[in-house]
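**Q** Chain residues, written in single-letter form:
Number of protein chains: 4
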Amino acid sequence: MKPKLQTPLIIVNFKTYLEATGKRAVDLAKAAERARKESCVYIAVAPQFTDLKAVAEAVDIPVYSQHIDSIKPGSSTGHILAEAVKEAGVVGTLINHSERQIKLAEIDAVIKLCKEQEIISCLCTNNPTTSASAAYLCPDIISIEPPELIGTGVAVSKAQPEAVTNTVKKVRKVNNEAVILCGAGISHGEDVAVALKLGTQGVLVASGVVKAKDPYTVLREFCDSVKC
Amino acid sequence: MKPKLQTPLIIVNFKTYLEATGKRAVDLAKAAERARKESCVYIAVAPQFTDLKAVAEAVDIPVYSQHIDSIKPGSSTGHILAEAVKEAGVVGTLINHSERQIKLAEIDAVIKLCKEQEIISCLCTNNPTTSASAAYLCPDIISIEPPELIGTGVAVSKAQPEAVTNTVKKVRKVNNEAVILCGAGISHGEDVAVALKLGTQGVLVASGVVKAKDPYTVLREFCDSVKC
Amino acid sequence: MKPKLQTPLIIVNFKTYLEATGKRAVDLAKAAERARKESCVYIAVAPQFTDLKAVAEAVDIPVYSQHIDSIKPGSSTGHILAEAVKEAGVVGTLINHSERQIKLAEIDAVIKLCKEQEIISCLCTNNPTTSASAAYLCPDIISIEPPELIGTGVAVSKAQPEAVTNTVKKVRKVNNEAVILCGAGISHGEDVAVALKLGTQGVLVASGVVKAKDPYTVLREFCDSVKC
Amino acid sequence: MKPKLQTPLIIVNFKTYLEATGKRAVDLAKAAERARKESCVYIAVAPQFTDLKAVAEAVDIPVYSQHIDSIKPGSSTGHILAEAVKEAGVVGTLINHSERQIKLAEIDAVIKLCKEQEIISCLCTNNPTTSASAAYLCPDIISIEPPELIGTGVAVSKAQPEAVTNTVKKVRKVNNEAVILCGAGISHGEDVAVALKLGTQGVLVASGVVKAKDPYTVLREFCDSVKC
Chain A
1 MKPKLQTPLI
11 IVNFKTYLEA
21 TGKRAVDLAK
31 AAERARKESC
41 VYIAVAPQFT
51 DLKAVAEAVD
61 IPVYSQHIDS
71 IKPGSSTGHI
81 LAEAVKEAGV
91 VGTLINHSER
101 QIKLAEIDAV
111 IKLCKEQEII
121 SCLCTNNPTT
131 SASAAYLCPD
141 IISIEPPELI
151 GTGVAVSKAQ
161 PEAVTNTVKK
171 VRKVNNEAVI
181 LCGAGISHGE
191 DVAVALKLGT
201 QGVLVASGVV
211 KAKDPYTVLR
221 EFCDSVKC
Chain B
1 MKPKLQTPLI
11 IVNFKTYLEA
21 TGKRAVDLAK
31 AAERARKESC
41 VYIAVAPQFT
51 DLKAVAEAVD
61 IPVYSQHIDS
71 IKPGSSTGHI
81 LAEAVKEAGV
91 VGTLINHSER
101 QIKLAEIDAV
111 IKLCKEQEII
121 SCLCTNNPTT
131 SASAAYLCPD
141 IISIEPPELI
151 GTGVAVSKAQ
161 PEAVTNTVKK
171 VRKVNNEAVI
181 LCGAGISHGE
191 DVAVALKLGT
201 QGVLVASGVV
211 KAKDPYTVLR
221 EFCDSVKC
Chain C
1 MKPKLQTPLI
11 IVNFKTYLEA
21 TGKRAVDLAK
31 AAERARKESC
41 VYIAVAPQFT
51 DLKAVAEAVD
61 IPVYSQHIDS
71 IKPGSSTGHI
81 LAEAVKEAGV
91 VGTLINHSER
101 QIKLAEIDAV
111 IKLCKEQEII
121 SCLCTNNPTT
131 SASAAYLCPD
141 IISIEPPELI
151 GTGVAVSKAQ
161 PEAVTNTVKK
171 VRKVNNEAVI
181 LCGAGISHGE
191 DVAVALKLGT
201 QGVLVASGVV
211 KAKDPYTVLR
221 EFCDSVKC
Chain D
1 MKPKLQTPLI
11 IVNFKTYLEA
21 TGKRAVDLAK
31 AAERARKESC
41 VYIAVAPQFT
51 DLKAVAEAVD
61 IPVYSQHIDS
71 IKPGSSTGHI
81 LAEAVKEAGV
91 VGTLINHSER
101 QIKLAEIDAV
111 IKLCKEQEII
121 SCLCTNNPTT
131 SASAAYLCPD
141 IISIEPPELI
151 GTGVAVSKAQ
161 PEAVTNTVKK
171 VRKVNNEAVI
181 LCGAGISHGE
191 DVAVALKLGT
201 QGVLVASGVV
211 KAKDPYTVLR
221 EFCDSVKC
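Protein chains in written order, with my numbering: chain A, 1 to 228; chain B, 1 to 228; chain C, 1 to 228; chain D, 1 to 228.
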């Protein structure tokens with residue numbers, strides 16, 4: 001059975017930060033779990049492939065993969081198999097993150113693989129046009145992330161509020177079901193609040209949490225900014 | 001301290017076979033460990049990224065990654081970090097497998113990353129010329145694998161014995177230290193014996209073991225063919 | 001001023017066939033021009049980059065590029081610049097052909113480059129879902145080409161008529177202006193007639209024309225099958 | 001018959017600069033030809049694919065392609081065919097430029113294609129290790145270009161003289177025939193003189209010439225710095 005997708009949602013992308021590798025990935029996931037339990041906001045974590053299983057065993061919050069390849073089981077050395085991340089305990093996956101972009105036909109194929117494997121698909125896009133285009137591929141989540149803002153600490157919801165509202169409007173014209181997240185530059189509770197006010201159902205965040213001195217406190221601030 | 005590289009060596013590449021995913025990856029690694037303990041031949045296993053940690057915890061034989069990206073810790077969503085596979089318990093890695101080829105500058109960078117992280121580097125090449133070229137990049141292991149033979153059940157040591165002896169000769173001209181393996185099509189004990197007779201120090205094998213009804217028996221046959 | 005896009009349209013993709021390289025590219029383009037002048041059907045040709053200028057100088061029919069990179073003028077050795085193909089005499093370009101697929105964000109960027117440079121954009125897609133998704137990116141032409149049929153001589157309009165009608169229906173829901181072509185396997189006049197009957201405005205053809213003994217006769221047969 | 005490779009050699013890479021596109025590519029090539037005729041230094045030009053034929057027809061100096069794909073004639077839309085650049089009048093090609101890097105197996109395949117087609121192969125590498133490795137693949141020319149210096153105006157021969165002498169030494173150990181060029185940051189006659197003094201047989205230059213107010217004068221300065 002496909003895992004339930006609940007909102008408002010914060011997905012924490014661990015990227016390949018040392019602060020979120022190995023044992024520290026588990027610690028960070030536990031901090032996220034603690035923040036989630038004290039709030040009405042849902043939090044999911046996206047650790048590296050090598051840490052998926054240990055994190056999924058350590059916490060009860062949803063664990064996402066950072067990528068899946070458009071492959072079937074077989075002769076694909078060094079690739080990421082949907083069945084493998086699923087067995088590791090994953091319930092969802094990022095697709096086409098700006099740091100791991102794939103071809104249009106591959107996006108389509110991976111979303112279909114996710115449906116088959118009952119994995120939540122979170123498709124990342126870089127502007128209103130590609131987001132609307134992506135809406136037609138029916139991912140469960142669309143996360144808009146202008147690449148030029150990633151890692152800057154300038155929130156897309158602040159720097160480009162019109163990009164967010166445009167995206168929401170364009171996506172909703174063709175797709176009423178997809179959860180819409182807003183990524184890039186999220187670092188304060190206010191950024192999250194603004195993102196929701198602009199019509200999204202949550203955020204995709206990375207360095208703002210992972211590289212914070214106290215990720216738990218940052219996530220609590222994010223959650224507290226949301227009225228639910 | 002860099003892990004010791006011992007020969008004769010059989011590396012079992014799990015690829016993305018379902019037979020070697022998740023719980024079955026651990027079982028297969030245990031079968032390999034059992035075969036190794038009853039023989040003088042060294043056996044290493046290369047599971048998928050998601051299974052590296054569980055396999056490394058379950059067995060005492062060396063665990064290899066199937067790939068590493070030429071990245072440093074940081075903003076690289078969906079990539080494979082040397083530090084992450086190392087912390088998962090890996091002692092070595094395949095590089096440039098014919099199903100996961102990378103650019104020349106990346107091969108050089110990954111081998112250097114491996115030296116920094118004290119990971120054994122096993123560089124796969126596709127013919128005598130690229131193998132000799134690769135020898136100059138000083139990987140710990142060079143594994144020659146003509147892509148057209150992979151998965152065919154026709155051993156390179158039989159189909160192209162001269163490719164193997166040529167490679168050994170060319171590599172040895174510039175590099176006396178690298179362990180030389182011979183991959184592609186290995187499925188019988190005889191294939192392993194011939195590979196060693198041709199001057200290699202072992203084999204890289206995948207489907208011949210992973211898709212066998214009884215991988216343990218196949219590996220025992222491989223080991224028994226070797227006099228050491 | 002943007003070149004006018006007229007239908008019914010046959011685009012002949014020269015690929016990298018020797019039969020359509022260099023002097024033979026010019027001859028083939030002239031054969032296409034002759035067929036076009038004797039018919040009400042419009043014909044365009046898509047030679048290799050190296051032949052674009054000579055072909056554009058030799059014939060009056062529209063010349064397309066086979067690909068454009070999502071780059072601006074500058075430090076991009078070995079890439080295809082929109083300004084360069086334009087100056088060579090090109091009026092349109094294929095984008096994302098199944099043999100030259102690119103990332104979603106690149107497709108979006110190249111279509112925008114085409115608008116800036118007043119180049120007709122012909123986006124190739126591989127199934128009804130990606131075609132509908134592509135329609136949102138507002139290319140001038142959408143050409144549906146199931147990769148598994150390319151070069152088989154089995155026309156998509158015959159093998160998968162429902163794929164064609166589905167695509168037309170889905171594309172038209174969001175985009176009334178794009179010209180829709182149908183590619184893959186077109187080799188007889190009948191294939192073209194069926195493609196038009198299924199709601200497309202033309203075809204994208206390669207080996208059926210390029211590798212024919214007499215490309216002119218084949219193109220005349222294509223044109224004669226169309227009532228306009 | 002394979003074209004003769006003469007030294008000292010300056011190859012001017014036109015990249016995708018607007019200053020070297022279309023008609024301006026021909027003008028720039030003529031300026032290079034004029035400088036060459038007044039000097040003992042050989043000059044070759046590497047325009048964009050779309051300009052190869054017109055440039056080759058306009059000048060008598062050698063014309064290089066910026067890239068070739070490792071393909072045979074056939075179904076490869078949007079790729080660069082050795083036979084096509086050859087027929088356009090090309091006598092040589094850059095391979096693996098830092099802005100167009102390819103896989104190790106592809107480098108090997110393209111060098112072999114060049115031998116078959118009698119095209120001079122100029123393999124670009126990024127450091128002493130990869131250069132020595134590349135020497136084993138037997139390209140006609142090896143051009144060392146540290147990517148971090150490209151386009152900076154800081155000459156590798158000045159910034160990293162030891163990288164150049166190291167490369168020369170390492171390459172010469174295994175390959176006595178390859179012409180060695182030194183690229184990146186060449187902008188003054190002195191840079192060229194130093195490059196030759198360090199043991200190279202010439203330079204690969206781009207912006208220093210292409211973006212100069214008067215490319216002819218810059219090339220003359222380059223040539224005059226050389227005693228031959």
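Misleading hints may appear alongside valid ones.
Claimed, not checked - What the simulated footprint calls covered on chain C by chain D, stretch by stretch (three residues with Cβ under 8 Å from a Cβ of chain D suffice, anywhere in the stretch; the number is not a length): (1) 13-23; (2) 84-93.
Stated by the list, open to error - Distance condition first, Cα-Cα at most 30 Å in a straight line; then the derived BS3-like pairs of lysine-lysine: (3) LYS72(A) <-> LYS23(B); (4) LYS173(C) <-> LYS103(A); (5) LYS213(B) <-> LYS173(B); (6) LYS4(B) <-> LYS169(B); (7) LYS37(C) <-> LYS72(C); (8) LYS72(A) <-> LYS213(B); (9) LYS2(C) <-> LYS72(D); (10) LYS158(C) <-> LYS2(C); (11) LYS23(D) <-> LYS170(B); (12) LYS170(C) <-> LYS112(A); (13) LYS2(D) <-> LYS158(D); (14) LYS103(C) <-> LYS72(D).
Keep in mind that the hints were calculated from the coordinates and are not lab data.
Positions of the beta carbon are idealized from the N, C-alpha and C atoms, including for glycine.
**Q** Are the hints correct? Go through all of them and say.
**A** Do the hints match the structure? See the list:
Check result for the segment 13-23 of chain C against chain D: holds, 8 residues qualifying (beta carbon to beta carbon below 8 Å, three or more required). Under the rule that three or more residues need a Cβ within less than 8 Å of chain D, the assignment of the segment 84-93 of chain C holds, with 4 such residues. Our distance criterion of 30 Å between C-alpha atoms is met by LYS72(A) and LYS23(B), whose separation comes to about 18 Å. Simply put, LYS173(C) and LYS103(A) have alpha-carbon atoms about 24 Å apart, close enough for the 30 Å limit, and the pair holds.
Restraint check for LYS213(B) and LYS173(B): not satisfied, since their Cα atoms lie roughly 41 Å apart, outside the 30 Å limit. Of the pairs offered as hints, the one joining LYS4(B) and LYS169(B) holds, with about 24 Å between alpha carbons and a cut-off of 30 Å not exceeded. For the hint linking LYS37(C) to LYS72(C), the alpha-carbon distance of about 37 Å lies beyond 30 Å, and the restraint is violated. Between the alpha carbons of LYS72(A) and LYS213(B) the distance comes to roughly 21 Å, so the proposed pair stays at or under 30 Å and holds.
This hinted pair does not check out: LYS2(C) and LYS72(D) have alpha carbons roughly 35 Å apart, beyond 30 Å. Taking the CA atoms of LYS158(C) and LYS2(C), the gap is near 34 Å; set against the 30 Å cutoff, the hint is violated. The suggested pairing of LYS23(D) with LYS170(B) is violated, with an alpha-carbon distance near 48 Å, which exceeds 30 Å. A distance of roughly 18 Å separates the Cα atoms of LYS170(C) and LYS112(A); the hinted pair therefore holds under the 30 Å criterion.
For the given pair, LYS2(D) sits about 34 Å from LYS158(D) by alpha-carbon distance, which is inconsistent with the 30 Å threshold. Between LYS103(C) and LYS72(D) the alpha-carbon distance is near 25 Å, which keeps this suggested pair within the 30 Å criterion.
Going through the hint list in order, the structure does not satisfy hints 5, 7, 9, 10, 11, 13.
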